[in-house]
Amino acid sequence: MVAPNSVAENVFGTLGAVFWSVQLVPQIWKSWKRKDTAGLSTFMLFLWFLSGVWLGSYSVTSGLSIPLVIQPQLFCLFSAIAWAQCLHYDSGLGRRSATFLILGCLAVGGGVEAGLIFGTKALQHHGNERLNTATGVLAAILIIAGLLPQYWEVWKYKAVVGISLVFLTIDLLGGVWSLLSLVFSPPPFDPLAAVSYSSVVVLELGIFFLAAVLNPRYYRKERERKLKEEEEVTTVAAPPGENEPKGLLLQEEGESRAQLERKLGAGPLPLPDRLETDATMVEPPPAAAATGAPTHFIEAVSSREQVEREGGFGWMAHEDEDVEQAIGTGLRRIRSSRSGTSALRRGV
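FYI, in our numbering the residues of the sequence shown are 798 to 1145.
Take these hints with a grain of salt, some might be off.
[What the hints assert, rightly or not] Taking lysine-lysine pairs in the DSS-like style, the calculated list, with each CA pair at most 27 Å apart, reads: (1) Lys-1018 x Lys-955; (2) Lys-832 x Lys-1018; (3) Lys-1023 x Lys-955; (4) Lys-830 x Lys-955; (5) Lys-832 x Lys-955; (6) Lys-918 x Lys-830; (7) Lys-1018 x Lys-827; (8) Lys-827 x Lys-955; (9) Lys-953 x Lys-1023; (10) Lys-918 x Lys-1018; (11) Lys-830 x Lys-1018; (12) Lys-830 x Lys-1023; (13) Lys-827 x Lys-918; (14) Lys-827 x Lys-1023; (15) Lys-1025 x Lys-955; (16) Lys-918 x Lys-1023; (17) Lys-1025 x Lys-832; (18) Lys-953 x Lys-832; (19) Lys-1023 x Lys-832.
Hints listed in this document are in silico derivations from the structure and should not be mistaken for laboratory results.
Please construct the entire structure, taking both the sequences and the accompanying hints into account.
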């Protein structure tokens, strides 16, 4: 049995109170920075917010030191802020709605705590400690129960994600300091506080163990998934090869086939499998298919050149020629002969 030591008790008790006052600050920072709380249990933070109300009342009615009275108030406040972040980032609640909801909950929680304090002190004045004991027990149960939903999040994601390991470390150390404070405290020993502190330490050690086991595999799969996505994006965005079609190729008005070939920097354009006129789709000449030339291009030419080529009267060399009559004649010849040789050209 360790001899009571008031100095050690106060030092460790103060350390525990300080650590448990700011434990959630790293979690709040992480959630704000990531704008995401996936993997962090919303229900855990809600239960901790409730526990802060009962623990705050217990610390006042039990006559604890000022640091131990301030600690549950800050714990309740930071739990509410972290809970609001989960409602906003994970559940999709608007920022303003989440803010007003939490402010309302804090106001109600403050009123409940004040009522518990006055009610408990009234009972204590008559020598009744039952309500005081009940608030302490309920606070301990809520704190311990709050960590259980986090295990569900770990099971769901098969990893410890979303929750800040810095926050868990500070919370774990707060439990250790508080336990040491109990060890050096004079009799009588407080079994309720001992169970509460030790349960927090054990449950958080379990989360650290799961993080060490599950997280390496989880992050390895995430890296593989991202690499696969990058490869798919690269494949889709890769430019076509030299012999691949390069999209829609348009021939300008009055531009000859040879000029189009020179503009593209390629050899003679291959003939298509099927040629589309404004009336029908026709097969290319058998002689062209026998050459073995690639057939996955469709040539795009102007309607004027189409008429000139397929109408059989050559290029229009004179401006005073009746252009409209020539186009009409050419189109009638195309429809009757069904032997057009030019159309839109696009990569297949």
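Now for the hints, and whether the structure bears them out:
1. Lys-1018 x Lys-955: Within the cut-off at roughly 11 Å; holds.
2. Lys-832 x Lys-1018: holds, 22 Å
3. Lys-1023 x Lys-955: holds, 18 Å
4. Lys-830 x Lys-955: This hinted pair holds, its Cα atoms lying about 23 Å apart.
5. Lys-832 x Lys-955: holds, 21 Å
6. Lys-918 x Lys-830: Violated. Lys-918 to Lys-830 sits at ~43 Å, over the 27 Å cutoff.
7. Lys-1018 x Lys-827: Holds. Lys-1018 to Lys-827 sits at ~22 Å (cutoff 27 Å).
8. Lys-827 x Lys-955: Satisfied, since the Cα-Cα distance of roughly 20 Å is no more than 27 Å.
9. Lys-953 x Lys-1023: Since the Cα atoms of Lys-953 and Lys-1023 sit roughly 21 Å apart, the hinted pair holds (cutoff 27 Å).
10. Lys-918 x Lys-1018: violated, 57 Å
11. Lys-830 x Lys-1018: The hint holds at about 23 Å.
12. Lys-830 x Lys-1023: With Cα atoms ~21 Å apart, Lys-830 and Lys-1023 stay inside 27 Å; holds.
13. Lys-827 x Lys-918: violated, 40 Å
14. Lys-827 x Lys-1023: holds, 22 Å
15. Lys-1025 x Lys-955: holds, 21 Å
16. Lys-918 x Lys-1023: violated, 60 Å
17. Lys-1025 x Lys-832: holds, 25 Å
18. Lys-953 x Lys-832: holds, 20 Å
19. Lys-1023 x Lys-832: With a Cα-Cα distance of about 20 Å, the restraint between Lys-1023 and Lys-832 holds, given a limit of 27 Å.
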